[in-house]
Amino acid sequence: MKNKLIFGTMMKHEKTTSAILKALEVGYRNFDLAQIYGNQKLIGEAFNQWFKTNKREEIFIQSKVWTKDIDKNDTVNAVNKILEEVNIDYLDSILLHRPSLNLENDLQAWKELIKLKEKGIVKQIGVSNYEKDQIIYLWKSTGVKPEINQIEFSPINQRYDRITFATENDIEVQGYTIVAQVFNDHNVIDIAKKQNTSIVGICKSFALEMQISPIISSSNSDHITSNFNDPIVKLNEQDLNYLKSINIYKNKFSEMYPIALLDEYYQK
1 MKNKLIFGTM MKHEKTTSAI LKALEVGYRN FDLAQIYGNQ KLIGEAFNQW FKTNKREEIF
61 IQSKVWTKDI DKNDTVNAVN KILEEVNIDY LDSILLHRPS LNLENDLQAW KELIKLKEKG
121 IVKQIGVSNY EKDQIIYLWK STGVKPEINQ IEFSPINQRY DRITFATEND IEVQGYTIVA
181 QVFNDHNVID IAKKQNTSIV GICKSFALEM QISPIISSSN SDHITSNFND PIVKLNEQDL
241 NYLKSINIYK NKFSEMYPIA LLDEYYQK
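The sequence shown begins at 1 in our numbering and counts up by one.
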């Protein structure tokens with residue numbers, strides 16, 4: 001399993017199309033989308049401009065089914081809507097974005113993803129923000145293992161339980177927020193200077209060293225370029241041990257659902 005650098009697309013809508021075109025220009029070929037980001041039509045516009053002179057097969061397009069559709073048992077319609085919005089015939093990967101409020105709903109959604117893969121509508125199926133036991137439940141209930149688990153990952157949030165289980169079972173781990181809260185860490189700054197790269201370069205390198213595909217997002221043209229081009233380096237044992245040592249399991253995004261927030265969302 002080869003890990004890859006992925007461009008994340010959670011950004012302000014008015015900057016989406018130009019950001020995607022810039023990402024394609026500098027060399028990104030793997031893209032992570034989601035229903036909940038609300039900008040898939042804009043992403044599709046950028047892709048279809050690019051497809052005028054390039055082939056669809058040259059890029060990896062992944063999206064995610066939001067929890068509301070999982071709970072409504074509406075996964076197939078959700079995937080069809082994604083295809084329609086992005087204006088493509090198939091997805092390279094589709095993930096269940098977060099565990100549902102009811103694991104039986106996740107199982108039903110997982111069964112639907114299996115059928116979609118069998119039909120060739122999606123090439124890979126997986127999950128996002130799922131715990132080991134939740135993945136095992138889907139796997140053992142259907143005989144089909146999630147191929148991907150996308151999780152929050154950074155030097156200060158290294159979920160070894162999820163990572164170890166995934167790597168032992170040949171499940172790709174994708175990590176988002178890979179640079180969370182390390183920009184002011186003087187030791188990380190020193191490591192980056194010593195390695196002639198940036199903090200982003202160090203965090204990319206660390207993720208890849210941990211067998212994680214890093215997801216990097218920006219709508220700033222200069223940052224899109226530098227984030228892609230900043231060198232990936234081989235970390236020595238001392239630097240690697242330091243990056244491992246600053247783990248405090250601190251999330252940037254909550255993994256819990258405030259009930260009031262969910263009620264408000266589902267009423268929309």
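Please note that the accuracy of each hint is not assured.
Calculated cross-link-like contacts (lysine-lysine; reagent style DSS-like; alpha-carbon spacing at most 27 Å) [unchecked claim]:
| no. | residue 1 | residue 2 |
| --- | --- | --- |
| 1 | 194 | 132 |
| 2 | 4 | 193 |
| 3 | 55 | 140 |
| 4 | 52 | 72 |
| 5 | 72 | 15 |
| 6 | 41 | 52 |
| 7 | 72 | 145 |
| 8 | 117 | 145 |
| 9 | 193 | 119 |
| 10 | 194 | 117 |
| 11 | 41 | 123 |
| 12 | 72 | 132 |
| 13 | 132 | 52 |
| 14 | 41 | 140 |
| 15 | 52 | 68 |
| 16 | 132 | 145 |
| 17 | 15 | 41 |
| 18 | 111 | 55 |
| 19 | 111 | 15 |
| 20 | 140 | 119 |
Restraint ranges, calculated between C-beta atoms of paired labels, are given here [claimed, not checked]:
| no. | residue 1 | residue 2 | range |
| --- | --- | --- | --- |
| 21 | 27 | 108 | 34 to 42 Å |
| 22 | 236 | 90 | 38 to 46 Å |
| 23 | 57 | 225 | 21 to 29 Å |
| 24 | 102 | 168 | 25 to 33 Å |
| 25 | 36 | 187 | 16 to 24 Å |
None of these hints come from the bench; they were simulated from the model. The structure presented is a predicted model; accordingly, all values stated were derived computationally and were not measured. Ideal placement from N, C-alpha and C gives every residue a C-beta, glycine not left out.
Legend entry - Given hint residue 41 paired with residue 15 - CA-CA distance at most 27 Å: holds (13 Å)
Inset, instruction - Compare the distance between the alpha carbons of residue 132 and residue 145 with 27 Å, and conclude whether the hinted pair is satisfied. - result: Roughly 12 Å separates the two Cα atoms, so the pair holds.
Inset, instruction - Given the hint that residue 194 pairs with residue 132, test it: the Cα-Cα distance must not exceed 27 Å. - result: violated (37 Å)
Legend entry - 27 Å Cα cutoff - pair residue 111, residue 15: The given pair, whose Cα atoms are some 36 Å apart, is violated under the 27 Å limit.
Inset, instruction - Starting from residue 117, check that the Cα of residue 145 is at most 27 Å away, please. - result: At roughly 12 Å apart (the allowed maximum being 27 Å), residue 145 and residue 117 satisfy the hint.
Inset, instruction - Would you mind confirming whether the straight-line C-alpha gap from residue 72 to residue 132 stays at or under 27 Å? - result: holds (24 Å)
Inset, instruction - With 16 to 24 Å as the target window, see if residue 36 and residue 187 comply at their CB atoms. - result: Once the Cβ atoms are compared, 35 Å apart, the range 16 to 24 Å for residue 187 and residue 36 is violated.
Inset, instruction - Please work out if residue 41 and residue 140 have their alpha carbons no farther apart than 27 Å. - result: Outside the cut-off at roughly 36 Å; violated.
Inset, instruction - Take a quick look at whether residue 140 and residue 119 sit within 27 Å of each other, Cα to Cα. - result: The given pair, whose Cα atoms are some 22 Å apart, holds under the 27 Å limit.
Legend entry - residue 55 paired with residue 140 [C-alpha distance capped at 27 Å]: violated (37 Å)
Legend entry - Holds or violated: residue 41 to residue 123, with C-alpha atoms at most 27 Å apart: Holds - the C-alpha atoms of residue 123 and residue 41 are around 21 Å apart, at most 27 Å.
Legend entry - residue 57 versus residue 225 beta-carbon gap, inside 21 to 29 Å or not: holds (25 Å)
Checked against the numbered hints above, the structure breaks hints 1, 3, 4, 5, 9, 10, 13, 14, 15, 18, 19 and 25 and satisfies the rest.
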